[in-house]
Every structure is written in structure tokens, then in C-alpha cells.
Amino acid sequence: MKRKLKSGHSRLKTKLGLPDLENAKIAVIVSLRSFESQRSYRHSIDEFVAWYCSAPRLSFNKAVVLRYRLHLEDRHLAGGTINVRLAAVRRLAYEAADSGLLSP
1 MKRKLKSGHS
11 RLKTKLGLPD
21 LENAKIAVIV
31 SLRSFESQRS
41 YRHSIDEFVA
51 WYCSAPRLSF
61 NKAVVLRYRL
71 HLEDRHLAGG
81 TINVRLAAVR
91 RLAYEAADSG
101 LLSP
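In this text, residue positions in the sequence shown follow my numbering: the first is 1, and each later residue adds one.
Be a bit skeptical, because a hint or two may be false.
[Said to hold, decoys possible] Across the chosen pairs, the derived CB separations fall in these ranges: (1) 61 / 31: 31 to 37 Å; (2) 59 / 98: 15 to 21 Å; (3) 46 / 73: 17 to 23 Å; (4) 33 / 56: 33 to 39 Å; (5) 79 / 30: 27 to 33 Å; (6) 26 / 79: 27 to 33 Å; (7) 94 / 53: 19 to 25 Å; (8) 78 / 98: 27 to 33 Å; (9) 47 / 97: 17 to 23 Å; (10) 51 / 99: 19 to 25 Å; (11) 34 / 74: 25 to 31 Å; (12) 55 / 76: 16 to 22 Å; (13) 30 / 56: 15 to 21 Å.
Read the hints as simulated data drawn from the structure, not as lab findings. Note that beta-carbon positions come from the ideal geometry of N, C-alpha and C, so glycine has one too.
Take these sequences, add in the hints, and give me the full structure.
In C-alpha cells form, the structure reads like this:
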């Protein structure tokens, strides 16, 4: 979604709301073939969205993903679990970028 600036130029939205993330999440889930992958990614994305929305509204960018990784590490999750969670967030970001919600 593009916003119009006072100067007449538009820019891509970086502060995503729940409807934006929900639509991107659905697109990611539908793109997966395996039921287990769908289940895992759905859980991973839901967990990320809950974490993302629990803080003051942050821009969805690399710094936020790095903070999320630190959050996962602080929970002492296994490396493989962290990788799956981050892969799901990466797919969510790609989908949001493809939809014009984020700059690539």
C-alpha cells in the first residue's frame, strides 16, 4: 500500500497493521504444499505477529527481525526452531514486499 506524501510523492508503507500481516500470512500459507509446513509456518507467523504487536508500533524491517531473533534466543529455543521461525518471517516479508506493503 502506498501513502501519498505532502510533496505529492508516494512511499511504501513500512508500519504494517494486523490486516496487512494477516493477508500476507494467508498468501504464505497457501503457497506451501505440505500440511506440516503450513502448520509450522502458521504457528511461527502467529507468534511473530503477537510479538510484533506487543511492542510500540515498529517498522517491519531488518532491525525488527534481528530484535525478534534475540527474543527467540533469549527464550533458549533450539537453533533449528529459531531457523524455522525466521524462515517463516522471511517468507512473510517477501510476501509483504511482493504485495507492495514493504520495499524489498
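For each hint, the structure was consulted:
Between residue 61 and residue 31 the beta carbons are some 23 Å apart, a value that contradicts the proposed interval 31 to 37 Å. The beta-carbon spacing between residue 59 and residue 98, approximately 18 Å, falls within the hinted interval of 15 to 21 Å. Restraint check, residue 46 to residue 73: a C-beta distance of roughly 19 Å satisfies the suggested window 17 to 23 Å. The supplied range of 33 to 39 Å is met by residue 33 and residue 56, whose beta-carbon atoms lie about 37 Å from each other.
Take residue 79 and residue 30: their Cβ atoms lie about 28 Å apart, and the range 27 to 33 Å holds. The beta-carbon spacing between residue 26 and residue 79, approximately 28 Å, falls within the hinted interval of 27 to 33 Å. The beta-carbon spacing between residue 94 and residue 53, approximately 20 Å, falls within the hinted interval of 19 to 25 Å. For residue 78 paired with residue 98, a C-beta distance near 30 Å keeps the hint of 27 to 33 Å intact.
In this structure the hint that residue 47 and residue 97 lie 17 to 23 Å apart at CB holds, the actual value being about 21 Å. At about 21 Å, the CB distance of residue 51 to residue 99 agrees with the hint of 19 to 25 Å. Separation of residue 34 from residue 74 is about 29 Å and conforms to the stated range, judged on CB atoms against 25 to 31 Å. A C-beta distance of roughly 21 Å is found between residue 55 and residue 76, which places it inside the suggested range of 16 to 22 Å.
Evaluation of the 15 to 21 Å hint for residue 30 and residue 56 yields a failure: the beta carbon distance comes to about 31 Å.
Hint compliance for this structure: hints 1 and 13 are broken, all remaining hints hold.
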